[in-house]
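Chains as they are written, first to last, in numbering that gives the first Met the number 0: chain X, 0 to 168; chain P, 0 to 172.
Check the hints yourself; a few may be wrong.
[Stated by the list, open to error] Stretch by stretch, here's where chain P covers chain X in the computed footprint (C-beta under 8 Å, at least three residues): (1) 2–8; (2) 14–22; (3) 25–31; (4) 49–55; (5) 58–66; (6) 69–81.
[Stated by the list, open to error] Calculated Cβ distances over 12 Å to all of chain P for the following chain X residues: (7) D37; (8) W85; (9) T132; (10) Q142; (11) E144; (12) W146; (13) F161; (14) P164.
Please keep in mind that the hints were generated in silico from the structure rather than gathered at the bench.
Each residue gets a CB set at the ideal place from its N, CA and C atoms; glycine is no exception.
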Amino acid sequence: MNRKKPEPVQVIKTRRDAALQTLVGSVPFIDFLGLKFDRRGDELTAIFPFDDRFIGNPVLPAIHGGATAAFLELTAVVGLAWSILWDATETGDFNIADMTAENLPRLPKTIDFTVDYLRTGLPRDAYARARITRSGRRYASVQVEGWQDNRDRPFAQGIGHFLMPSSKA
Amino acid sequence: MARIHGLLCAYWGKITRARLVSSEKRPKKVASVQDPDKNTKIARQFFDAIPYCRTLNMRLDEIGAGQAEMSMPYDERLIGDPATGVISGGAVSALMDSCGGAAVISHPDNTSATATIDLRIDYMRSATPGQRIRAKASCFHVTRSVAFVRAQAFDDDETIPVATAAGAFTFVK
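Isolated chain X, as found in the complex (with noise of 0.2 Å):
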């Protein structure tokens, strides 16, 4: 049997860590809000890395809700988005060394999102994870958590639906 020896294992995480870098690199909202995720084999962490600029009260001080709110919806909607890359490219279907900014998969869309603020956004960094319960083939639901020194505390957890992007991935 004449069987393709495995790609050395650092040329992979490269060419997967170059995919996630080139999707989250695309999202001018992304880079404002300066979040960043770190990649374990398919799992995300979204890190939200606390600035002055969030702050929504200044007497405690605390992080604004609207921008807990958009660091959940889009830790959910990049989970997404690498969820359909990565099994777009298990499949054979898309090619993440052939993805360029030029030629970047469509994101999915929010349709609806809901966010529970259950403790101060305490001006420290925050992170956060989706976990996607359903993805269908038009539709997806994902659930996010968001936590800041203790991992069993959330501060905040969302829940929304997603339109999925029409052409494939």
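Starting from the known structure of chain X, fit chain P onto it as the hints suggest.
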């Protein structure tokens, strides 16, 4: 915006509640709710002190009696869909939340700060790139402890909202 907003509003309360609350309670010394120019001016000063509202160049256009209107200019840095140049839903959320909080604070029965408990936003259509987004929020109903707020956001086309929102905010009569 949650607790955040609440506290933010606590801060607001200190500065402006006397002027925004109905005039029976504080009959002479303060401006009444019917003095929109003065309230708008005070509110604008207050919102100018909130860094994130400044970051997004939000403007408080109207406030009083449980209603508020706020707007925000189109900005390329807020684009969420690079293919179309449409502003990110997350930027619209900030406007809706701030506007909802302002409406609650201005309710005549309000005696305290407020905090967003939850906020749901429905994105009806894409906002047209280049156009200012205007949000209008009002207290749909208030109980002793909760204010139920509805809000709508528009661009230049006022026939169909860009987005609508429904939220619950803490409230103290």
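Status of the hints after comparison with the structure:
no.: 1; hint: 2–8; verdict: violated (count 0)
no.: 2; hint: 14–22; verdict: violated (count 0)
no.: 3; hint: 25–31; verdict: holds (count 6)
no.: 4; hint: 49–55; verdict: holds (count 5)
no.: 5; hint: 58–66; verdict: holds (count 8)
no.: 6; hint: 69–81; verdict: holds (count 5)
no.: 7; hint: D37; verdict: holds, 20 Å
no.: 8; hint: W85; verdict: holds, 20 Å
no.: 9; hint: T132; verdict: holds, 17 Å
no.: 10; hint: Q142; verdict: holds, 14 Å
no.: 11; hint: E144; verdict: holds, 15 Å
no.: 12; hint: W146; verdict: holds, 14 Å
no.: 13; hint: F161; verdict: violated, 10 Å
no.: 14; hint: P164; verdict: violated, 10 Å
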